[in-house]
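Peer 1: Residue numbers (my numbering), protein chains in the order written: chain A, 2 to 343; chain Y, 49 to 316.
Hint data in this document are derived by calculation from the structure and do not stem from the laboratory.
Hints are supplied without guarantee of correctness; some may be wrong.
To be verified - So these bits of chain A aren't anywhere near chain Y, every CB distance computed over 10 Å:
#: 1; residue: S66
#: 2; residue: G108
#: 3; residue: I117
#: 4; residue: G174
#: 5; residue: F178
#: 6; residue: L187
#: 7; residue: W319
#: 8; residue: I326
Said to hold, decoys possible - Cβ pair distances, simulated, as ranges:
#: 9; chain 1: Y; residue 1: S52; chain 2: A; residue 2: G27; range: 40 to 48 Å
#: 10; chain 1: Y; residue 1: D90; chain 2: A; residue 2: G27; range: 39 to 47 Å
#: 11; chain 1: A; residue 1: L266; chain 2: Y; residue 2: T225; range: 51 to 59 Å
#: 12; chain 1: Y; residue 1: K280; chain 2: A; residue 2: L124; range: 57 to 65 Å
#: 13; chain 1: A; residue 1: R24; chain 2: Y; residue 2: G117; range: 43 to 51 Å
#: 14; chain 1: A; residue 1: G180; chain 2: Y; residue 2: A107; range: 53 to 61 Å
#: 15; chain 1: A; residue 1: F318; chain 2: Y; residue 2: V167; range: 43 to 51 Å
Each residue gets a CB set at the ideal place from its N, CA and C atoms; glycine is no exception.
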Amino acid sequence: MTHTTQQSNSAVDSRREQSTFRRFYGANGRAVNSALAFVCVWLFFASQNWPLFTNPGFYGSFLFSVPPSIILATALVFVITAGEIDLSFPAVIGAGGGLFMTLLIWGVPVIPAAMITMLLGGLLGLGVGAIVVYGKISSLVATLGLSFFIVGIVNFLAQGRNLEFREAVGTDGNLFFVGKWDIFGLQVPNHFFLSLVWVAVMYVLFRYHRFGIRVQMVGDNASSARQMGINVEHVRVGVFVLTGVAGALAGLILVQTANMVWFPLSGKAYLLPVLAAIFVGGTPVWGGVGTIIGALFGALTIGLIPAGAVGAGFAGFWTEFIFGIVIIATMIVHRFSGSRVS
Amino acid sequence: MAKSGEPIIELKNIIKRFGSVEALTGVSMTVRRGEVLGLLGDNGAGKSTLVKTLAGVHAPTSGEIWVNGTRRDPWNPAAARNAGIETVFQDRALSPQHSIVSNVFMGREIINAFGLINVKKQIEEANRLMREIGFTSKVFNPNSIVGNLSGGERQGVAIARALYNKADVIVLDEPTTALSLTETQKVFRFVEAVKASGRTVIFIGHNIYHVWDISDRFFVIDRGREAFEGAKSDFEGADHLIHMMRELAETGRADARNYRPPARGAAQ
Chain A
2 MTHTTQQSNS
12 AVDSRREQST
22 FRRFYGANGR
32 AVNSALAFVC
42 VWLFFASQNW
52 PLFTNPGFYG
62 SFLFSVPPSI
72 ILATALVFVI
82 TAGEIDLSFP
92 AVIGAGGGLF
102 MTLLIWGVPV
112 IPAAMITMLL
122 GGLLGLGVGA
132 IVVYGKISSL
142 VATLGLSFFI
152 VGIVNFLAQG
162 RNLEFREAVG
172 TDGNLFFVGK
182 WDIFGLQVPN
192 HFFLSLVWVA
202 VMYVLFRYHR
212 FGIRVQMVGD
222 NASSARQMGI
232 NVEHVRVGVF
242 VLTGVAGALA
252 GLILVQTANM
262 VWFPLSGKAY
272 LLPVLAAIFV
282 GGTPVWGGVG
292 TIIGALFGAL
302 TIGLIPAGAV
312 GAGFAGFWTE
322 FIFGIVIIAT
332 MIVHRFSGSR
342 VS
Chain Y
49 MAKSGEPIIE
59 LKNIIKRFGS
69 VEALTGVSMT
79 VRRGEVLGLL
89 GDNGAGKSTL
99 VKTLAGVHAP
109 TSGEIWVNGT
119 RRDPWNPAAA
129 RNAGIETVFQ
139 DRALSPQHSI
149 VSNVFMGREI
159 INAFGLINVK
169 KQIEEANRLM
179 REIGFTSKVF
189 NPNSIVGNLS
199 GGERQGVAIA
209 RALYNKADVI
219 VLDEPTTALS
229 LTETQKVFRF
239 VEAVKASGRT
249 VIFIGHNIYH
259 VWDISDRFFV
269 IDRGREAFEG
279 AKSDFEGADH
289 LIHMMRELAE
299 TGRADARNYR
309 PPARGAAQ
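When you get a sec, could you build the whole thing from the sequences and use the hints?
Peer 2: Structure below.
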């Protein structure tokens with residue numbers, strides 16, 4: 002094939018013609034805009050009350066409560082990118098927390114109980130995914146139904162009662178999850194670091210692992226992916242397994258942040274904030290592309306609003322109003338993160 | 049391994065039903081190593097179904113698929129690609145929101161032991177492939193998003209992907225549709241180059257002149273079954289082939305399976 006030699010270098014040369022910034026923004030625009038949105042929201046609140054917002058002590062409870070949202074939002078990026086949706090994760094949080102408490106009451110130490118819970122969370126996700134994919138049901142409807150179904154079973158098993166196991170508070174395993182580090186007056190709980198490790202794993206899985214790449218391919222054009230030999234069904238079930246694990250992990254962290262008290266409806270409050278976090282984080286609704294780092298900033302933004310609004314002197318009932326403003330404003334910002342190409 | 053001219057793909061009595069519609073009603077086709085086989089047929093004759101069956105997208109309702117002398121079962125897209133059949137689909141089968149590199153390696157990523165993508169190697173290989181098919185430009189690079197490319201450039205990505213794995217057989221489904229004259233010439237040069245490297249090409253087209261120019265042998269299907277097949281030397285020229293296909297469309301002869309084109313010189 003000799004006819005091409007005269008232009009043989011241009012494919013390489015053209016890479017140098019784009020500036021480093023443009024290339025970086027082209028590949029990470031959504032994450033960058035989410036980070037900017039977080040900074041803007043913080044600046045807006047902080048400008049109302051500088052002394053409070055520059056005091057590290059203010060962020061202790063924020064860092065304590067935000068990790069479950071971070072874990073869930075980053076895992077759900079896979080589902081949204083695959084072109085599906087999972088509304089059953091709040092039910093999995095409840096089921097995971099209940100299972101974890103039950104294991105503790107049976108005498109299983111915290112760390113092994115956490116591992117078993119995550120494993121069974123994955124199995125629950127496998128069941129949900131198999132019903133959605135092989136039952137050929139819309140994931141919106143199927144996970145809505147399964148969400149009620151799982152909550153129903155959990156309520157039946159719990160008979161409406163809370164579970165408590167105060168004996169486990171302060172054990173090594175418990176401290177692994179919720180022990181605090183004092184960093185320059187900032188109380189950082191260990192599960193915040195764990196959530197950052199989780200984000201790192203999700204980031205690599207999404208961008209550099211075959212599974213993540215295939216999730217993006219399936220979400221972008223499932224029939225192309227199928228024609229190229231990707232097992233579309235396996236990929237789709239895989240994303241539900243991942244949210245199952247994330248839901249269980251969030252559930253078992255949640256009961257530990259509540260001093261080993263579980264109530265059957267824990268998790269219910271996470272549905273809308275987590276979905277908001279994904280979209281505020283720049284993952285578009287149409288599937289095929291997404292960003293893990295964006296979801297991290299999305300979860301931080303959404304997590305900051307309740308505390309930030311109160312700290313900035315707004316009355317508590319303004320919180321939802323501010324949620325709305327922030328979500329709409331960031332959606333407009335993400336118009337500039339790149340629209341859909343086809 | 050095997051010599052040129054030996055059967056590389058054998059389809060035996062392939063039947064494909066979609067519900068009550070029988071798209072293929074028993075097609076038997078042999079593809080020989082090193083040839084360019086032109087696959088012809090009217091709209092709705094079953095060309096695309098046959099191609100998708102070859103590519104593994106459709107599993108046949110009944111019938112056997114043999115590649116390199118072994119029966120392949122189960123048959124799916126991954127099995128077809130593993131058997132050395134790469135297909136450039138009519139719709140290109142691309143992922144428009146992703147880069148040229150991601151598209152070239154779709155379903156066949158270069159990974160290490162942990163399943164992590166070897167990004168550097170993929171970019172190098174994509175660069176090499178793009179140069180090999182004369183597919184280079186100042187305005188795009190391996191990281192360019194496919195959705196921003198023109199039709200001809202997208203076709204280039206699909207062809208680069210078919211080339212990567214050094215497949216024995218490359219199936220091109222209507223590769224010249226919606227392409228400009230220069231882009232069509234590029235595709236023809238590409239087919240010549242693939243043939244020169246000893247590989248097999250199955251070329252599907254609407255434009256009989258295009259198919260005539262490029263093929264060594266023709267396989268014509270009509271209403272879901274094979275109508276006739278013949279070598280280029282069996283025909284006077286493209287017009288003879290067109291004349292025969294018109295006749296086929298008008299008479300719709302059910303016994304066309306046994307129809308052999310008249311000997312050279314007998315056309316008038």
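Peer 1: For every hint, state whether the structure bears it out.
Peer 2: Status of each hint after checking the structure:
| no. | hint | in the structure |
| --- | --- | --- |
| 1 | S66 | holds (33 Å) |
| 2 | G108 | holds (36 Å) |
| 3 | I117 | holds (25 Å) |
| 4 | G174 | holds (28 Å) |
| 5 | F178 | holds (27 Å) |
| 6 | L187 | holds (34 Å) |
| 7 | W319 | holds (38 Å) |
| 8 | I326 | holds (29 Å) |
| 9 | Y/S52 <-> A/G27: 40 to 48 Å | holds (46 Å) |
| 10 | Y/D90 <-> A/G27: 39 to 47 Å | holds (45 Å) |
| 11 | A/L266 <-> Y/T225: 51 to 59 Å | holds (57 Å) |
| 12 | Y/K280 <-> A/L124: 57 to 65 Å | holds (60 Å) |
| 13 | A/R24 <-> Y/G117: 43 to 51 Å | holds (49 Å) |
| 14 | A/G180 <-> Y/A107: 53 to 61 Å | holds (55 Å) |
| 15 | A/F318 <-> Y/V167: 43 to 51 Å | holds (49 Å) |
The structure fails none of the hints (numbered hints given earlier).
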